[in-house]
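These protein sequences, in sequence, are chains A and B. Going by my numbering, the residue at position 39 of the first sequence is 96; the numbering climbs one at a time, nothing skipped. Going by my numbering, the residue at position 232 of the second sequence is 337; the numbering climbs one at a time, nothing skipped.
Hints are supplied without guarantee of correctness; some may be wrong.
With a straight-line Cα cutoff of 25 Å, these simulated SDA-like cross-link-like pairs (lysine to any residue) come out [claimed, not checked]:
1) Lys-90/A <-> Thr-115/B
2) Lys-171/B <-> Ala-192/B
3) Lys-75/A <-> Arg-118/B
4) Lys-186/B <-> Arg-77/A
5) Lys-100/A <-> Asp-163/B
6) Lys-122/A <-> Phe-188/B
7) Lys-66/A <-> Asp-163/B
8) Lys-174/B <-> Val-134/B
9) Lys-298/B <-> Ser-331/B
10) Lys-75/A <-> Arg-210/B
11) Lys-98/A <-> His-160/B
12) Lys-213/B <-> Phe-74/A
13) Lys-186/B <-> Met-58/A
14) Lys-186/B <-> Tyr-125/A
15) Lys-75/A <-> Glu-138/B
16) Lys-122/A <-> Arg-118/B
17) Lys-66/A <-> Leu-202/B
18) Lys-171/B <-> Ile-104/A
19) Lys-75/A <-> Leu-202/B
20) Lys-186/B <-> Glu-89/A
21) Lys-132/B <-> Asn-60/A
22) Lys-76/A <-> Lys-186/B
23) Lys-186/B <-> Glu-143/A
24) Lys-66/A <-> Ala-214/B
25) Lys-186/B <-> His-110/A
26) Lys-75/A <-> Asn-122/B
27) Lys-186/B <-> Lys-98/A
28) Lys-136/A <-> Glu-107/A
29) Lys-75/A <-> Leu-207/B
30) Lys-126/A <-> Val-134/B
31) Lys-122/A <-> Leu-207/B
Per label pair, the in silico range of CB-to-CB distance [said to hold, decoys possible]:
32) Leu-99/A <-> Lys-186/B: 28 to 34 Å
33) Ile-279/B <-> Lys-98/A: 23 to 29 Å
34) Asp-71/A <-> Asp-185/B: 28 to 34 Å
35) Lys-322/B <-> Asn-140/A: 56 to 62 Å
36) Glu-95/A <-> Gly-328/B: 23 to 29 Å
37) Glu-168/B <-> Ser-158/A: 36 to 42 Å
38) Arg-250/B <-> Gly-70/A: 51 to 57 Å
Hints in this document: simulated from the structure, not taken from any laboratory. C-beta atoms are modelled at their ideal positions from N, C-alpha and C, and glycine is treated no differently.
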Amino acid sequence: MPNLTYINKLSNGDENFKKRLIDVIKFEFPTEKNIYQENIKLKNYQIAAENVHKIKHKISILSFKKGYKLASKHENNLKENNNNFEQEFEEVLKTITSFLSLI
Amino acid sequence: MNCIIIDDETTARVILNRICSEVDDLKVVAEFENAVEAIKYLYKHKVDLVLLDIHLPDFTGFEFIKTLKDPPKIILISSDKNFAIEAYEYDCIVDYLVKPILIPRFIKAVQKVKSILNKSDKEISQITEVVNDHENELYINIDRRLIKIDIRTIYFIEAKGDYIHLKTETSNYIVHSSLKKIEEKLPNNLFFKVHRSYIINVKKIVGIEDNTVLINKEIIPIGRSSRAELMNRLNLL
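With the rest of the complex left out, here is chain A (with noise of 0.2 Å):
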């Protein structure tokens, strides 16, 4: 599951700065998110992989290794047209998605 041990480590106390950096990410997670769903829809898969790619860094900030696994193995499928692991990379953005409300 998602957590703050990166984002702590990171801030080593700083409460400013890991509130400006939490909220950096509530900020850029959704429109990130938002521009991955349209290019599947679309089946733009090339650009589809690139945006996983994007949203990967935020999962590995978020410490959800199950999550990033997972992002790795759809960004490479992606980039070969296939999106055997849409479904499951969707589970994971709603998993993001409800950590990120309750941070």
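Start from chain A and add chain B according to the hints.
Only chain B this time, still in chain A's reference frame:
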């Protein structure tokens, strides 16, 4: 040491700024979300280090590096390990970090950059220093060995990234230095910078045709702004 950050993701730039603030003697002087703006900046400003994301919207990080004539030291940053091998093809790339970046790993990379920059400064000063009073002698440092060159035997010097190629009557040398440094050590009456990448020995000119000069068997380009001055120096009939 100053640095710039190039990453299209705000989150990544915020994190990099934070990590840079943890490193002594490292100052972020600018940050960019695309390569084009960074290129414009680097055209006007000298920086020691670029923290560069490989995945950029307009260029890849590698394409960005190729646009730079004299690239600063670069730490590549990516969420993808797959580019590490390609990174080794670029001399200016000092390290390759995979996101999310950990502070100890970042500090290690910056220390690597610092040690390379310190070493380069030392080498440049050694390389181009004329170590004695003999006006026709230049000593260059190759693999920690000082080699004496008779300046009069130099055909031309070509700039290649962080190195210069010295072509002489007897040998060719690749030296870690800049054209500007060696230009300061060469006599003006004998040597002339015909192009931003070439200094020639005017005594070795075989012929001139349009915007090129033939030296030994090699054709050297003449820069537009240098042609008139070169012609002035020749004994024209």
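If you test the structure against every hint from before, which numbers come out violated? 4, 7, 21, 22, 27, 30, 33 and 36
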